[in-house]
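**Student:** Residues per chain, in single letters:
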Amino acid sequence: EDQVTQSPEALRLQEGESSSLNCSYTVSGLRGLFWYRQDPGKGPEFLFTLYSAGEEKEKERLKATLTKKESFLHITAPKPEDSATYLCAVHTSGGSYIPTFGRGTSLIVHP
Amino acid sequence: GAVVSQHPSWVICKSGTSVKIECRSLDFQATTMFWYRQFPKQSLMLMATSNEGSKATYEQGVEKDKFLINHASLTLSTLTVTSAHPEDSSFYICSARNREDQPQHFGDGTRLSIL
Chain F
1 EDQVTQSPEA LRLQEGESSS LNCSYTVSGL RGLFWYRQDP GKGPEFLFTL
51 YSAGEEKEKE RLKATLTKKE SFLHITAPKP EDSATYLCAV HTSGGSYIPT
101 FGRGTSLIVH P
Chain E
112 GAVVSQHPSW VICKSGTSVK IECRSLDFQA TTMFWYRQFP KQSLMLMATS
162 NEGSKATYEQ GVEKDKFLIN HASLTLSTLT VTSAHPEDSS FYICSARNRE
212 DQPQHFGDGT RLSIL
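So the protein lines, in turn, are chains F and E. First residue of the first sequence? That's 1 in this note's numbering, and the numbers climb one at a time after it. First residue of the second sequence? That's 112 in this note's numbering, and the numbers climb one at a time after it.
The following block holds chain F by itself, in its conformation from the complex:
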């Protein structure tokens, strides 16, 4: 059974304090890993897609990386507006491209 585990569950940072969120996966045949940001009371907002180990994507203060077992979302010098829940999801060859989501990491950035 495909499994996606995100850690930590919650993270509190001071503004400017860089850190990383982890998404580890145990799947058969990864076909894509996706990062989303979800604000309270809203639907998730798509951030990045990663398809193969070694791939990296960047957007403003966020950088996503992928290995054969996990993905990291690095947040450099975060600001309070980066506070949100960050979700990762995977597509697998055995799952008919039905996404499996992790439980998310709730990030709070204090000014």
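Just so you know, the hints here were simulated from the structure itself, not pulled from any lab data. For every residue, glycine included, the Cβ atom is placed at its ideal position computed from N, Cα and C. Hints are not guaranteed to be accurate.
Just so you have them, the derived chain F footprint on chain E, three or more residues with Cβ under 8 Å [unchecked claim]:
1) 154-160
2) 206-216
For each label pair, taking beta carbons as the anchor points, the in silico distance ranges come out as [unchecked claim]:
3) E:Ser200 - F:Glu15: 33 to 39 Å
4) F:Lys63 - E:Pro197: 20 to 26 Å
5) E:Lys166 - F:His110: 29 to 35 Å
Given chain F, put chain E in place with the hints provided.
**Tutor:** Here is chain E on its own, set in the frame of chain F:
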């Protein structure tokens, strides 16, 4: 690009009534749409997957007669909660994608409260 519109954003109704939620892809063709339910401080729970012109595929434990899904066009899917009861109160979110290898794009959700 890749905008998904979901309506209504908020519904309060009496127990026993049926509620319809619409999900539209505004600027792309949604060959597949997903419906999720989310409880407070929990992750997304997939309810069903629908492909345009086909019957929806429901996840285990989701009553298909309770949650009717229609995906009649490449830009519109609807979820009807029939004879809603207080335990159906939740945050419902739809998503859509164009191709299998592409990410989903989500609507802003519908907060459903059954009195």
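**Student:** Does each hint fit the structure? Answer for all of them.
**Tutor:** How the hints compare with the structure:
1. 154-160: It holds, with 4 qualifying residues against the three required.
2. 206-216: holds (count 7)
3. E:Ser200 - F:Glu15: 33 to 39 Å: holds, 36 Å
4. F:Lys63 - E:Pro197: 20 to 26 Å: Given range 20 to 26 Å: violated, Cβ gap about 44 Å.
5. E:Lys166 - F:His110: 29 to 35 Å: violated, 48 Å
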